[in-house]
Each structure stands twice: as structure tokens, then as C-alpha cells.
Amino acid sequence: MLDMTKKIIERKKGKAGKIIKKIVLGFVVILVCAIILFPLVWMFPAAFKTKREIWQIPNTWWPNVFVGDNFSKIMNLDLNGYNFLSSLLWTLLVSTVAVVLSLLVNMLAAFSFATMEFRGKKALWVYFIITMCIPGITILLTSLRVVYSLHLTDTIWVLILPGIVSAYNIFFFRQFFYSIPLSLEEAATIDGCSRWKIFWKIFFPMSSTPMVIIGVGVFMGYWNSFIWPTLTIINNTKIAQIMQVIRILNTSTYAGQNYSIIIAATELAILIPLALFAIFQKKIIAGIAISGLK
Amino acid sequence: MENADRFSLDNPLYRLDHKRDNRFRYRHQWSAYAMLLPAFILVTIFVIIPLVMALFRAFQDYNTKKFVGWTNFEYLFQSDVFLSSFGNVLIMTAIITAATLIFSFFFALVLKYFDNKFGEIAKIIIYVPCFIAGIATSIIFGLLTNYGGGLLTSIAISLGLDPVSFTDSTTLARMAIIIPTIWIGFGSNTLVLYAGLINIPKEYYEAASIDGANWSQRLWDITIPSMRNYFVLQLVSLITGNMQMMEIPLMVTGGGPLNTTMTPVLFLYNSYRDTSRPQNATIAGALIIMLIIGSINWIVFKTISSRRSEDA
Chain A
1 MLDMTKKIIE
11 RKKGKAGKII
21 KKIVLGFVVI
31 LVCAIILFPL
41 VWMFPAAFKT
51 KREIWQIPNT
61 WWPNVFVGDN
71 FSKIMNLDLN
81 GYNFLSSLLW
91 TLLVSTVAVV
101 LSLLVNMLAA
111 FSFATMEFRG
121 KKALWVYFII
131 TMCIPGITIL
141 LTSLRVVYSL
151 HLTDTIWVLI
161 LPGIVSAYNI
171 FFFRQFFYSI
181 PLSLEEAATI
191 DGCSRWKIFW
201 KIFFPMSSTP
211 MVIIGVGVFM
221 GYWNSFIWPT
231 LTIINNTKIA
241 QIMQVIRILN
251 TSTYAGQNYS
261 IIIAATELAI
271 LIPLALFAIF
281 QKKIIAGIAI
291 SGLK
Chain B
1 MENADRFSLD
11 NPLYRLDHKR
21 DNRFRYRHQW
31 SAYAMLLPAF
41 ILVTIFVIIP
51 LVMALFRAFQ
61 DYNTKKFVGW
71 TNFEYLFQSD
81 VFLSSFGNVL
91 IMTAIITAAT
101 LIFSFFFALV
111 LKYFDNKFGE
121 IAKIIIYVPC
131 FIAGIATSII
141 FGLLTNYGGG
151 LLTSIAISLG
161 LDPVSFTDST
171 TLARMAIIIP
181 TIWIGFGSNT
191 LVLYAGLINI
201 PKEYYEAASI
211 DGANWSQRLW
221 DITIPSMRNY
231 FVLQLVSLIT
241 GNMQMMEIPL
251 MVTGGGPLNT
261 TMTPVLFLYN
271 SYRDTSRPQN
281 ATIAGALIIM
291 LIIGSINWIV
301 FKTISSRRSE
311 DA
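Just so you know, the protein sequences line up as chains A and B, in that order.
Be aware that the first sequence starts at 1, since it is given in the working numbering, and climbs by one per residue.
Be aware that the second sequence starts at 1, since it is given in the working numbering, and climbs by one per residue.
For the record, the hints were derived by calculation from the structure and aren't laboratory data.
Check each hint, because a few of them may be wrong.
Below, simulated EDC-like cross-link-like pairs (lysine to aspartate or glutamate); rule was C-alpha separation at most 16 angstroms, straight line [claimed, not checked]:
#1 Lys-51(A) <-> Asp-69(A)
#2 Lys-238(A) <-> Asp-154(A)
#3 Lys-282(A) <-> Glu-120(B)
#4 Lys-22(A) <-> Asp-274(B)
#5 Lys-283(A) <-> Glu-120(B)
A partial selection of chain A residues facing chain B, derived with a Cβ cut-off under 7 angstroms [stated by the list, open to error]:
#6 Ile-36
#7 Glu-53
#8 Thr-142
The beta carbon of each residue, even a glycine, is placed where N, CA and C say it ideally should be.
Start from the sequences, fold in the hints, and give me the full structure.
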């Protein structure tokens, strides 16, 4: 009898304990999310502050004096030839072209590795995969020599071309193509489809999910790149990339006196990446589970 | 993976029709080469040729192109700043990697309790910083850490303390780099580890609870061993990424105070811009970085895979 009561009490305790546990853990989740969001939430109104209020002690979160023209100032800014709006648009163009080219080139390579046999396949696979082990910094300086001798500097191609091929992306697409049933491919072959047609009519349309995951990743890589544009876009300041311009703003005396303008620029510069995330968040979050990498 | 052996002779369909017929086996050879061509050309021009050039130039004199043996490397090893930059980056990488892995792992464990809308939203929120560049992150954190009137200084003053300077003291300067870096990487690491947690078969836990295993036993004996591959993946990517850190140190401290936050990549970046320094020594430095990252990752792989064979 006593045993029974003990067991019942324990079970009840367990249930109550579970609810308490869930509430505590829920608070942990909320706390962590708040910490993560804090810098962004703190930053947002700072773009509307006067240059004095932004460093005022004690700090304010919401501006006492609301200044709306920091955004229009930054849009019209022309700092020694660096134009914020123009570089925003050029960065958008470069990143978009890079996404299209990168998907195309890497998917075609993955398609031939996944579905065809050819002499030297293993050696070529190693040739691509080995590039995963080379840190960007190792080839940075000699890559610059290469683009100088190809006369690519100060063009958009120097920004786009070097990052197009990614062994990781080829690997990712190859794994995905393996999951497409062989029977589809065989049926298409019997119908007389060429390899190009099979790629366009079967593999390409079926790859929308990995294309979003990889495409967003490639876009972010280009949008956020800093070292490469800084070293290759020197005279043609019109096409300077957005992070390059933000760095220049931050070191310039003009904006050094007015941090809220830099904050306004930063907010505009992270707007497009965050919008992309908002649009594709479902696929991106689900994609992490598939790809296992960011 | 299931189609990996589609061309194997063990595949009855394949063997039946086309016994060892190479003409059939390689029937699409030229399409394959054509489709590989763009990727091959680009990777050759922008990765392989620069790598080969780097291997040569590291042993050449910049002006005369004569082979000079280890001179470039010797020059580097005489530079105290370069040598200490490895120490700096190792310390910061170790802290960032350990903190990110531990925080991410425990937060992933917590998230596992919430497979509902609440959890979904939390996952989206923690992933947001991954979309923000290092340069932008430094600007955002500048609002908190600015000496003249950032949030922390403001709080310190209202408590009657001195303003907080993140660029004067070594510890604080490193903190000002480490914290934004963790902030950027926390979300993606958590979600990868979360994916790993979800993939652990439920039967393991059921069996353990029948055996009366408690929470910590389940953690050490089931969860952590099952997550080994995910930990390796994250370790390698965290080490590779952070050993090359450069944007945040450049923006936050510029390498100071007294070069205590100088990283090798930042050093090489400065060397490149400063034409008075020998450029081929810079290339030699870049090779050293590759070697160090490569060996750290190799050690990680080796230790983890040898532990695996013990279990088997």
C-alpha cells in the first residue's frame, strides 16, 4: 500500500516537475533570443539620432530628437568617389550574377560527376575536392597577380569570377543528384533526350530546394565580402562593394564625427540579406538539417 | 547515395545488358567533359594556378625571381609581430570555438523540448546574425563598446565607475573581438547541432530509461557519442574560419593594443598594403597559415576517428 502511494506521489511530482522544467527552459529560450536580438534592437533607432545624442551619457534607446535625414544623407553621399547608393546597386548586381553563374557552373559539374562516367573521373574529383583544403588567405596574394595579368582589376568580373566554383557546393549538389531516381533518367534517355535535356528537364526543376539553400549562401558570401573587393577595386570606385564602402565611411573623418550616419548605412547594407532570410527562412532552416553546414 | 553504384558491375541491370562494355560505359564522356569545362577552367585559373604560384614564390626573391631557399620564411620568423599574431589567434580561436560549441550544444538541447511554433521562432531569431557581415557587426557592436559614449561606458558612469575602454587593455580588446564573433556563429552552430540531436534514434533513450539511466548518464553515454560527427564538422569549420579571422579585429582594434589582437591574416593584409615589406615573405606566411590550419584539422579528424575505432 505504502509503495503504491509513493509511486503515485512520485508520478505526480514528475508531472509537475515537467511543467516547471518546461517553463524554466522556455525562459532560457526567451533570454537567449533577447540577448541575440539586443544589439540589433539597440542599433535600430540609433540611425535617427543626432550626432551628439548617439554618444550622450546616459545613453538613450529611443532618440529624444528624431532626425530623419541620415538616410537621405547617406544615399546622396559621395566620399572621394565612393557613392553609397551606387555601390549598393553594384553589390546587388554582382551578387545576383554570381548566384546565377555559381548555381549553373556548380550544378553542371555536379551533374556530370553524379550521372556520367568518363575517363579521369576520380582524378578530376580529387582536383576539385582538394580546393576545399586551401584557405582563402593562402592564395589571396597570388590570385591578385593572376587577375592583374588578366587585366580584370576594377571590373565586376574580378569580383564575380574567382568565387564561382565551390567544391563544397559541387559536393552538395552531387549528393542531392544521387537521390533523384535512376528510372526518371532512363525513361528520358529512351525518349531520346540528350544529357543537356535531361539536366534541364529533370534535374534542374527538381533541385529548387538545394538551389535556394546554396543560392542564398553564395549571395551572402558575395554581399558580405570585404578583403577581395578592397584589394581589387581601387580606381573604379563607382563599383566598390558595400562592405568596402562601410569600412571607408568608418575610417573617414566625415562620418567619424557622425556615427548615426554610419549606423544608417549599416542598416541599409544588412537590409537585403535580412530580407532574403525572411523570404526563404523555412527552406534555409530546413536546409541546415540536410546540409549539416551553414 | 543509393545510386552511387549505378555503373558498378554488381548492378544486375547494368551487367546484364552491357557486360564490361566500355563504349557503353563512357558513352556520355564528351557531354560530361563539356559540362565540367566551365568549373574546371575557373578552378584552375583562380585556385590551382595561384596555389602553384604561391608554392614557388614563397621560395623566390621578389625582384630577381631567384630561388632563395628559406629566406622568406626566416624573414617572417624574425618578425615578432607575425609570431605573436599566431599566439593571439590561437587563444581567441580556442575561446571562440569552445564557447560556441558549448553554448550551442546546450541551447540545442533546450530547443529540443520545443518542437512547436515557439521553437520555430527561436530558431529563426538565433539564425539572424549569420546574415550580418563581420564589418557590419563591428559597427553595430561599436554602439555598445565605444569609449566616448557607448552603452557599456554609459552604464559604467551611471554606476560611478570609469569609462570602459576596449582598446587599451589586452583582455577587453580580445573580448571585444570574441563576443561579436560568437554572436555571428552561435545560431548556425546551434541549428547544425540541433539537426544532429534530432537524428539520434529515440530507441536509444527508451532503452536507457528502462535501464534507469539518469540525465547526465544519457548525455554522456548516448547524446554526446552519437553527435561525434557533428562535433567534428563544427570543430573543423570553427577552427578553419576563426584562424583566418581578420575583419572584426581590423574594425574593432586594428590589431592593437600593442599588437595583442593582431591576427596572421590581418598582418598579411597590412603587409600587402605596405609595399615596403617583402611581398614574397607575405606569401610564405600565407602558406604557413594553411599548414597550421591543415594540421589542426588533421589532428581533430585523427583523434575523433581513432576514438570511433575503439568503440567498434
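Okay, the hints, checked on the actual structure:
no., hint, in the structure
1, Lys-51(A) <-> Asp-69(A), "holds, 12 angstroms"
2, Lys-238(A) <-> Asp-154(A), "holds, 9 angstroms"
3, Lys-282(A) <-> Glu-120(B), "holds, 9 angstroms"
4, Lys-22(A) <-> Asp-274(B), "violated, 57 angstroms"
5, Lys-283(A) <-> Glu-120(B), "holds, 12 angstroms"
6, Ile-36, "holds, 5 angstroms"
7, Glu-53, "violated, 9 angstroms"
8, Thr-142, "holds, 4 angstroms"
Hint violations for this structure: numbers 4 and 7, all remaining hints satisfied.
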